[in-house]
Amino acid sequence: AQSVAQPEDQVNVAEGNPLTVKCTYSVSGNPYLFWYVQYPNRGLQFLLKYITGDNLVKGSYGFEAEFNKSQTSFHLKKPSALVSDSALYFCAVREEQAGTALIFGKGTTLSVSS
Amino acid sequence: EPEVTQTPSHQVTQMGQEVILRCVPISNHLYFYWYRQILGQKVEFLVSFYNNEISEKSEIFDDQFSVERPDGSNFTLKIRSTKLEDSAMYFCASNPGRPLFGSGTRLTVV
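Just so you know, the sequences run in chain order A and B. The numbering used here puts the first residue of the first sequence at 1, with every later residue one more than the last. The numbering used here puts the first residue of the second sequence at 1, with every later residue one more than the last.
So here's chain A without its partners, still in its complex pose (with noise of 0.2 Å):
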């Protein structure tokens, strides 16, 4: 069965400097990876995926994820963090085969100080 893991409840970064937020997953066959935002009573915001091709994806507001299929990592990254950029970032994956649901990791929540 498909898991994600985000190893940090919490990540703290100064505005202007780079983000990482760690994901890893374990799936059976070729994986498909998925970047969600959430803000405060909002609902989850599509960022990027990774299909196939390129390791690294750029996605929605700066965003970018390294694809890392020796290390199953999916991190996110961006190089210059904004305080607008605080909120809960999940990682999500799911399996190959067409209309597969995705499965979320917990969570992680970002704060981005001035």
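Some clues are possibly wrong.
[Said to hold, decoys possible] Here are some chain A residues the structure puts well away from chain B; computed CB gaps all over 10 Å:
hint, residue
1, ALA14
2, GLU15
3, PRO18
4, GLN45
5, ALA87
6, SER113
[Stated by the list, open to error] Simulated crosslink set (EDC-like; lysine to aspartate or glutamate; CA at most 20 Å straight-line):
hint, chain 1, residue 1, chain 2, residue 2
7, A, LYS58, B, GLU1
8, A, LYS69, A, ASP54
9, B, LYS42, A, ASP9
These aren't lab readings, by the way, just hints derived from the structure by calculation. Using N, Cα and C, we set each Cβ at its ideal position, and we do this for glycine too.
Given the coordinates of chain A, assemble chain B onto it according to the supplied hints.
Coordinates of chain B only, in the frame set by chain A:
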């Protein structure tokens, strides 16, 4: 960008009552999902729906839950007899390629 719409945004119900949560998925999508998020916890998969039937469900989705797409537009989640532990945020989503989520319904069981 098209949106997944959920109603109501917040529902309070008494324990033992039935509730129906409604979702209008994006019109040309074929796969539909319900997830829930208990306050402060991770997002959990409940059920997926394709071609007018359940295609996958989790162990959370027991006999008190049901889904249907009654009119080809709305996609509903029914909880037959609510329990306190059903209090959560319920999200609808559609499209497996890039799942788009609604803004959720906060269900409070008292």
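For each hint, the structure was consulted:
1. ALA14: The claim stands: ALA14 (chain A) keeps its Cβ more than 10 Å from every Cβ of chain B (closest is about 26 Å).
2. GLU15: Correct as stated: the minimum Cβ-Cβ distance to chain B is 26 Å, above 10 Å.
3. PRO18: The assertion about PRO18 (chain A) holds, with a minimum of 26 Å to chain B.
4. GLN45: Violated: least Cβ distance 8 Å, not greater than 10 Å.
5. ALA87: Holds: least Cβ distance 14 Å, greater than 10 Å.
6. SER113: The claim holds: SER113 (chain A) sits with its nearest Cβ about 22 Å from chain B, beyond 10 Å.
7. A:LYS58 with B:GLU1: Holds: LYS58 (chain A) and GLU1 (chain B) sit about 19 Å apart, inside 20 Å.
8. A:LYS69 with A:ASP54: 12 Å, holds
9. B:LYS42 with A:ASP9: The hint holds at about 11 Å.
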